[in-house]
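Asker: The residues making up each chain are set out below.
There are 2 protein chains.
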Amino acid sequence: MQARRLINNPEAVSEGTVNRLSLYSRLLALLEAEGLTVTSSKELSDRMQFTATQIRRDLACFGQFGKRGIGYQISDLKRAIDKILGVHLRRKVALVGVGNLGSALLGYRVLRDHNFEIVAAFDSDPQKWSLVINNVLIQKPEELTETVKSQQIEIGIIAVPVEGAQKALNLLVSSGIRAVLNFAPARLATPRNVQLRNVDLSIELEGLSYFLEHEV
Amino acid sequence: MQARRLINNPEAVSEGTVNRLSLYSRLLALLEAEGLTVTSSKELSDRMQFTATQIRRDLACFGQFGKRGIGYQISDLKRAIDKILGVHLRRKVALVGVGNLGSALLGYRVLRDHNFEIVAAFDSDPQKWSLVINNVLIQKPEELTETVKSQQIEIGIIAVPVEGAQKALNLLVSSGIRAVLNFAPARLATPRNVQLRNVDLSIELEGLSYFLEHEV
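Quick mapping for you: the protein sequence lines, in order, are chains E and B. For the first sequence, our numbering gives the first residue as 1, with consecutive numbering after it. For the second sequence, our numbering gives the first residue as 1, with consecutive numbering after it.
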């Protein structure tokens, strides 16, 4: 079966599809909060920037969810999407770099709301060691490997200056972390079995610039 | 002509295409730094996660850039893309909210490297007024409208807690700002002629979670 093949072959699913699944999950939560129980790709499309065809095609990668002529059960579809994304489980996160950005991330409630929890933070500045921010103790980088293993941390966040980013990545990878979110504006060399996502805010601003340049 | 029509009708170009233009521009800068002068959609594709077809299709939205059998002149293509994105001009940015995240943004060199400059910052906390962070004076929100006009600021960044986000957006919009980057985890009501981009880090983490859930 087509859907089954793709589930077993997740690399065939594009990053765009995965990102849209997150957005569908958020919209479904909103519809549920509004008291709705059933929806359609048309209704989802009306409230998002994606076409109904796009939505149906994304979902079809993972199976058959709706019923023709009836639509989708909102709670079932949301649960299914969250399971595909693996966010039905709480994921533990290690933060490397507790400057302004790192401190902001420690206070960023959205992560916890979506089942991600920063449980450990590391900084090379001795003045920060033993400080506690939002219930998280700041530790020496030398303690990272042991903490990752003992706490079963799965995801790393790099929030250090660009000069230290590759070193931070190497430390996370050598500790067994296979999924990393990087805020440093650096192209990091990454082993094939490690998933790295770069957050580049200048790309968002360039999208706004495009709008300003072309608006009527 | 197809290309011409689309330039005059930029809403027909998807956000995905616009985001990819930013990535093409960055890769072209890198190739230029490596001493290359000519490239191809195949070579660009080999160094990115996009297919050569995707790259050609994105560029075709805006005209005819390469020569069949020869490829793209790297410096010409980069200049053309930067012009499409409107980043050949420096854009002035106003920051609303100077907590940890706002402070991090004031020190974020990447923005300046890409021709965006935060020239004014605003916070409702009187203790922060008159402070200067990275050469930017922190002002009262009441001064925003006049500053936006006198400094010809075009873009706003919202880095306030969720409770204050709609108020911050309203203030920016009433001051004439038409492009806003929002970090607060809130769905903000936005006038039709204003472009709002939301940064949601939990979506990036969900992409990593998907990878962990499905990796082989």
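The hints are simulated quantities; they were obtained by calculation from the structure and are not laboratory data. Heads up, some of the hints might be wrong.
So these bits of chain E aren't anywhere near chain B, every CB distance computed over 12 angstroms [unchecked claim]:
hint	residue
1	G35
2	A52
3	R56
4	K83
5	K149
6	N170
7	E204
Computed, partial: chain E to chain B, Cβ under 7 angstroms [claimed, not checked]:
hint	residue
8	L85
9	V110
10	L111
11	S202
12	F211
Here the structure is a predicted model, which is why all the values come from computation and not from measurement. Beta carbons: idealized from backbone N, C-alpha and C, even for Gly.
Asker: Each hint should be assessed against the structure and marked as holding or not.
Answerer: Evaluation of the provided hints:
1. The non-interface label for E:G35 is consistent with chain B: the shortest C-beta to C-beta separation is roughly 17 angstroms, beyond 12 angstroms.
2. Distance check on E:A52: its Cβ is at least 16 angstroms (rounded) from any Cβ of chain B, clearing the 12 angstroms threshold; non-interface status holds.
3. With a minimum CB-CB distance of about 18 angstroms to chain B, E:R56 clears the 12 angstroms threshold, and the non-interface call stands.
4. For E:K83, the shortest C-beta to C-beta distance to chain B comes to about 8 angstroms, within the 12 angstroms cut-off, and the non-interface label is violated.
5. Annotated as non-interface, E:K149 keeps its C-beta farther than 12 angstroms from every C-beta of chain B; the closest such distance is 16 angstroms.
6. No beta-carbon of chain B is positioned within 12 angstroms of the beta-carbon of E:N170; the least distance is around 18 angstroms.
7. Consistency note on E:E204: stated as away from chain B, yet its beta-carbon is not over 12 angstroms from all of that chain's, at 5 angstroms minimum.
8. Hint on E:L85 holds. Least Cβ distance to chain B is approximately 5 angstroms, under the 7 angstroms limit.
9. Hint status for E:V110: holds, given a least beta-carbon distance of 4 angstroms to chain B, under 7 angstroms.
10. For the restraint placing E:L111 at the interface with chain B, the shortest Cβ-Cβ distance is roughly 6 angstroms, inside the 7 angstroms limit, so the hint holds.
11. Interface restraint check for E:S202: the shortest CB-CB distance to chain B comes to about 4 angstroms, inside 7 angstroms, so the restraint holds.
12. Because the smallest distance between the Cβ of E:F211 and any Cβ of chain B comes to about 4 angstroms, under 7 angstroms, the interface hint for this residue holds.
In summary, the structure is inconsistent with hints 4 and 7 from the numbered list given earlier, while agreeing with the others.
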